[in-house]
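Colleague: So the sequence lines, in the order shown, correspond to chains H and F. Note that the working numbering has the first sequence beginning at 17, numbered continuously upward. Note that the working numbering has the second sequence beginning at 2, numbered continuously upward.
To be clear, the hints were calculated from the coordinates, so they are not data collected in a lab. Just so you know, even glycine gets a beta-carbon here, dropped at the ideal spot from N, CA and C. Be careful, since some hints might not be right.
Stated by the list, open to error - Pairwise CB distance ranges, derived in the manner of DEER restraints: (1) H/81 with F/147: 38 to 48 angstroms; (2) F/41 with H/110: 25 to 35 angstroms; (3) H/92 with F/34: 39 to 49 angstroms; (4) H/53 with F/179: 34 to 44 angstroms; (5) H/160 with F/39: 49 to 59 angstroms; (6) H/186 with F/146: 48 to 58 angstroms; (7) F/47 with H/41: 36 to 46 angstroms; (8) H/41 with F/41: 41 to 51 angstroms; (9) F/2 with H/93: 49 to 59 angstroms; (10) F/2 with H/146: 28 to 38 angstroms; (11) H/92 with F/42: 25 to 35 angstroms; (12) H/116 with F/41: 50 to 60 angstroms; (13) H/92 with F/36: 36 to 46 angstroms; (14) F/6 with H/186: 39 to 49 angstroms.
To be verified - Just a few of them, taken from the derived set where beta-carbon distance is under 10 angstroms, the chain H residues facing chain F: (15) 99; (16) 164; (17) 170; (18) 174.
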Amino acid sequence: MLEGRLVRLRATEPADRERVHSWVNDPEVTRYLTMRYPSTEGDWVWPVDGPPPGFTFVRLAIETKEGGHIGAVNLHEINAEDSTAGLGIIIGAKEHWDRGYGADAVVTLLRFAFGEMNLHRVWLTVLDEHERGIACYRACGFREEARRRQDVYRHGRYYDFVVMGILRDEFETLHGAAYAEGGSDA
Amino acid sequence: MLEGKLVRLRAVEMEDLERDFAWVNDREVTRFLSMRYPISRVQEERWIRDRPPNDFSNGAFFAIETKDGVHIGNTNLMQANPEDRKAALGIMIGDKEYWSNGYGSDATVTLLRFGFGEMNLNRIWLHVFEFNERAQACYKKCGFVEEGRLRQHYYGMGRYWDVIVMGALRDEFAKLQGITT
Chain H
17 MLEGRLVRLR
27 ATEPADRERV
37 HSWVNDPEVT
47 RYLTMRYPST
57 EGDWVWPVDG
67 PPPGFTFVRL
77 AIETKEGGHI
87 GAVNLHEINA
97 EDSTAGLGII
107 IGAKEHWDRG
117 YGADAVVTLL
127 RFAFGEMNLH
137 RVWLTVLDEH
147 ERGIACYRAC
157 GFREEARRRQ
167 DVYRHGRYYD
177 FVVMGILRDE
187 FETLHGAAYA
197 EGGSDA
Chain F
2 MLEGKLVRLR
12 AVEMEDLERD
22 FAWVNDREVT
32 RFLSMRYPIS
42 RVQEERWIRD
52 RPPNDFSNGA
62 FFAIETKDGV
72 HIGNTNLMQA
82 NPEDRKAALG
92 IMIGDKEYWS
102 NGYGSDATVT
112 LLRFGFGEMN
122 LNRIWLHVFE
132 FNERAQACYK
142 KCGFVEEGRL
152 RQHYYGMGRY
162 WDVIVMGALR
172 DEFAKLQGIT
182 T
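Chain H on its own, in the form it takes in the complex (with noise of 0.2 angstroms):
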């Protein structure tokens, strides 16, 4: 369990299923996430018989500290010689948007990443349009470093796609040491 200061990190369960299958199936949560077909229950977004979290791949469901599920975070295209992953979130609980549940939960990975997996830096790419994204980035110490001139098709057209990155010593900075006690930010 990674403790956040709104939201707590843990591995995912046969249970979380449903509303996973419901969440990316939502037009509204997925419409700047490059999910195009509908997909079914317990498909590649939830193996629910996954291997369990390590080096290569990290999947995490997001809780409010009330036990609330409403999301899940991952490290992607995890890189042992350049010590990178790529970041990837979704907030499927639409009432949990613009609250600072997003922020946490990618702070507590980046902790995560910094201090337990010993990673050197961290990446995303966003869609150009998903502004609120952009900002909720920004805040956690993202640095916007590339624009891939229309790479993604959607909704008719092609949108650039920015990609965002972190190193640990900016996220130290920001955020203090990595590794805390108790894992919330002072």
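Based on these hints, arrange chain F on the given structure of chain H.
Modeller: Below, chain F alone, put in the same frame as chain H:
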């Protein structure tokens, strides 16, 4: 066979094995690629033998030959995505005698023309290490635009390096080459 001005691109043959094997183990060549580990002859042979045929989903992998028939390197389009109509480009001029003579850019332009004109791609992108300035100049000449810099995204030779993202779009390339794709 894709004809360029200085080179042609053809499918890979088993006869390429000894050259490919030497190139992918030559640190002067691979330091510019994300290939760190030595590769055995049998692995290289298996790779050539088991490669599925070139197509959109398998990717397009070609040997680069001079017009005199000398095999000097390889180039490919990979990770082609049909919805986004994009793919990544990779290239290696393994025969160092042919560096800095325009063969790499001719092969790149020839492959871009194929990617846009035959595979119906809209965007072709690549990653290049910050210390590979020769390649960056080449790609710019071919029509790639620098789109950003991934900070400390690659580790090699004892330290972290930035990785430059470059992209070529179909309409820009057509304008540059004075052709319709």
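Colleague: Hints the structure violates: just list their numbers, smallest first.
Modeller: 2, 3, 5, 6, 9, 10 and 13
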